[in-house]
Amino acid sequence: MNFTHIAVGTNDIEAAREFYDKVLATLGWSRIADLGDTGSFWGDGAPSFMVTLPRNGAPATAGNGTTISFRAPDHASVHAFHEAAMTLGMPDEGAVGPRPWAPGAMAAYTRDPDGNKLAVYGMEATS
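Residue 127, in UniProt numbering, is where the sequence shown stops; the numbers in between run on with no holes.
I should point out that these hints are in silico values taken from the structure, not numbers from a laboratory. Among the clues, some could well be false.
Unchecked claim - Beta-carbon label-pair distances, calculated as ranges:
1. ASN56 / PRO98: 38 to 48 Å
2. GLY63 / GLU14: 18 to 28 Å
3. ASP37 / PRO100: 41 to 51 Å
4. PRO100 / GLU18: 28 to 38 Å
5. GLY104 / ASN11: 17 to 27 Å
6. ALA95 / GLY115: 33 to 43 Å
7. PRO98 / ALA62: 24 to 34 Å
8. ALA15 / ASN64: 16 to 26 Å
9. ALA95 / LEU35: 28 to 38 Å
10. ALA62 / THR38: 12 to 22 Å
To be verified - Lysine to aspartate or glutamate pairs mimicking EDC-like chemistry, simulated, CA-CA at most 16 Å apart:
11. LYS117 / ASP92
12. LYS117 / GLU93
13. LYS117 / ASP44
14. LYS22 / ASP44
Ideal placement from N, C-alpha and C gives every residue a C-beta, glycine not left out.
Model the full structure from these sequences, guided by the hints.
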């Protein structure tokens, strides 16, 4: 299944931009477009991930049980993503390490400034 993009809400677009600029750069992504002072898109050549102020004017909240997982090109990028998030003061929600559900899976978990749970997974062949 393919998606056009995934979006999360924020209550502070500047804090979200600072956070996602840094952590998504570790995956080779950059900010592709800003929607004025209401949101931004990131991706690797095409918009894939969006952060926006809620259009209904209500505060953004993190989904209970929701996790957004980014694909890392390699295990080193998993470490870099997690380290970037920790440097920005985000919580460690699951340290970098192998995940037994798939051979070669290395992952880490954190949260963004609005409390959205994030994962990053790198899949490398095992011998």
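Cross-check of the supplied hints:
1. ASN56 / PRO98: 38 to 48 Å: 41 Å, holds
2. GLY63 / GLU14: 18 to 28 Å: With a Cβ separation near 22 Å, GLY63 and GLU14 satisfy 18 to 28 Å, so the hint holds.
3. ASP37 / PRO100: 41 to 51 Å: 44 Å, holds
4. PRO100 / GLU18: 28 to 38 Å: 34 Å, holds
5. GLY104 / ASN11: 17 to 27 Å: 37 Å, violated
6. ALA95 / GLY115: 33 to 43 Å: 19 Å, violated
7. PRO98 / ALA62: 24 to 34 Å: 26 Å, holds
8. ALA15 / ASN64: 16 to 26 Å: At roughly 21 Å between Cβ atoms, ASN64 and ALA15 fall inside 16 to 26 Å, so the hint holds.
9. ALA95 / LEU35: 28 to 38 Å: 34 Å, holds
10. ALA62 / THR38: 12 to 22 Å: This hint holds: roughly 19 Å between Cβ atoms.
11. LYS117 / ASP92: 10 Å, holds
12. LYS117 / GLU93: 8 Å, holds
13. LYS117 / ASP44: With Cα atoms ~21 Å apart, LYS117 and ASP44 exceed 16 Å; violated.
14. LYS22 / ASP44: 14 Å, holds
The structure fails to meet hints 5, 6 and 13 from the earlier list, while all remaining hints are met.
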